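Sequential numbering of the sequence shown, starting at 730, is according to the numbering used here.
Don't take every hint at face value.
[Said to hold, decoys possible] Simulated pairs of lysine-lysine, BS3-like, Cα-Cα distance not exceeding 27 Å:
| hint | residue 1 | residue 2 |
| --- | --- | --- |
| 1 | LYS903 | LYS859 |
| 2 | LYS774 | LYS807 |
| 3 | LYS897 | LYS859 |
| 4 | LYS850 | LYS763 |
| 5 | LYS920 | LYS967 |
| 6 | LYS965 | LYS903 |
| 7 | LYS920 | LYS850 |
| 8 | LYS884 | LYS781 |
| 9 | LYS903 | LYS967 |
| 10 | LYS781 | LYS763 |
| 11 | LYS897 | LYS884 |
| 12 | LYS896 | LYS774 |
| 13 | LYS920 | LYS859 |
| 14 | LYS763 | LYS774 |
| 15 | LYS859 | LYS884 |
| 16 | LYS781 | LYS807 |
| 17 | LYS896 | LYS884 |
| 18 | LYS850 | LYS759 |
| 19 | LYS850 | LYS807 |
| 20 | LYS807 | LYS759 |
It should be emphasised that the hints constitute simulated quantities derived from the structure, not laboratory data.
All values reported here derive from a predicted model rather than from experimental measurement.
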Amino acid sequence: MWSFDTIPHRELMQSVSRRIVDRNVLRLIKMWLKTPVEERDEDGKRRMSGGKRSTCGTPQGGVASPLLANVYMNRFLKYWRSSGRDRAYQAQVVSYADDFVILSRGHAEEAREFAGQVMTKLGLTLNEEKTSVRNAREERFDFLGYSFGPHHYRKDGHWYLGASPSKKSVQRLKQRVGEILVPGNQAPWPKVRDQLNSLLRGWSSYFSYGTRLIAYRAADNHVQHGVRRFLRRRHKVKSQGTRRFSDEVVFNELGVLRLRRVHLGPLPTAAK
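Between the sequences and the hints, there should be enough to build the whole structure, so can you do that?
See below:
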């Protein structure tokens, strides 16, 4: 992974101008790159970045930053291919915005060293804390929310190479569910339910590849317990609410989307 903060403006605009000839659009992009941005550090203190004198970096969180990152990252990809490193290292680069992985057969250390050298020439800096070499047949690595590598088949224990939602992705989903089911949410239940279903449907659409039943089950359990706590407070139920807001009630009567049902597909219809 590399940082948006180090993209040099001059070289970036050269890359952009090869694709855009409208001077007004190029001028707007230049102005946007010079926009001052207010941020907060880990201690909560405000600090300003960017501004007219800045010569590198794109605004963190800016809607155009991932697109511009991909445009500039293309320099690295073109050089990787033209220098024949894909053949020499038996490797392929997979990138998205400021994140990328190099899949190599037996030349991982060489590929990493070469990538670091090229990144330096391009004015970019690799995030050393998030850059590592993994043997994908023996250990997993996370990329774009997925965890790739060895997985074990639960029924007989045999292992296979696969992909599944990463633990961080499941945890982020739980946090977002918690943000909807906060005690202060006074919206009518149908609106709360629709918010939940929209979140769950979007998450399951993205994580619709690979081994996902375990992650779906964890999400369902969290949602069921969260909804039960939420409605217990709302209706001032003194008991734990396990009967009144049971699994069947939450996912059927109350209409919350069950991800395991998404995974298994719709129930068969009765023959007429």
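To see whether the hints hold, each was checked on the structure:
1. LYS903 x LYS859: holds (24 Å)
2. LYS774 x LYS807: violated (40 Å)
3. LYS897 x LYS859: Within the cut-off at roughly 14 Å; holds.
4. LYS850 x LYS763: Answer holds: LYS850 to LYS763 is near 23 Å, not above 27 Å.
5. LYS920 x LYS967: Roughly 25 Å separates the two Cα atoms, so the pair holds.
6. LYS965 x LYS903: Holds: LYS965 and LYS903 sit about 24 Å apart, inside 27 Å.
7. LYS920 x LYS850: violated (52 Å)
8. LYS884 x LYS781: Roughly 61 Å between the alpha carbons, so the hint for LYS884 and LYS781 is violated.
9. LYS903 x LYS967: holds (25 Å)
10. LYS781 x LYS763: holds (5 Å)
11. LYS897 x LYS884: holds (25 Å)
12. LYS896 x LYS774: violated (30 Å)
13. LYS920 x LYS859: Violated: LYS920 and LYS859 sit about 39 Å apart, past 27 Å.
14. LYS763 x LYS774: holds (22 Å)
15. LYS859 x LYS884: Violated: LYS859 and LYS884 sit about 34 Å apart, past 27 Å.
16. LYS781 x LYS807: Violated. LYS781 to LYS807 sits at ~31 Å, over the 27 Å cutoff.
17. LYS896 x LYS884: Status holds; Cα separation ~21 Å.
18. LYS850 x LYS759: Between LYS850 and LYS759 the Cα gap is close to 22 Å, so the pair holds against 27 Å.
19. LYS850 x LYS807: holds (14 Å)
20. LYS807 x LYS759: holds (24 Å)
Of the numbered hints listed earlier, those contradicted by the structure are 2, 7, 8, 12, 13, 15, 16.
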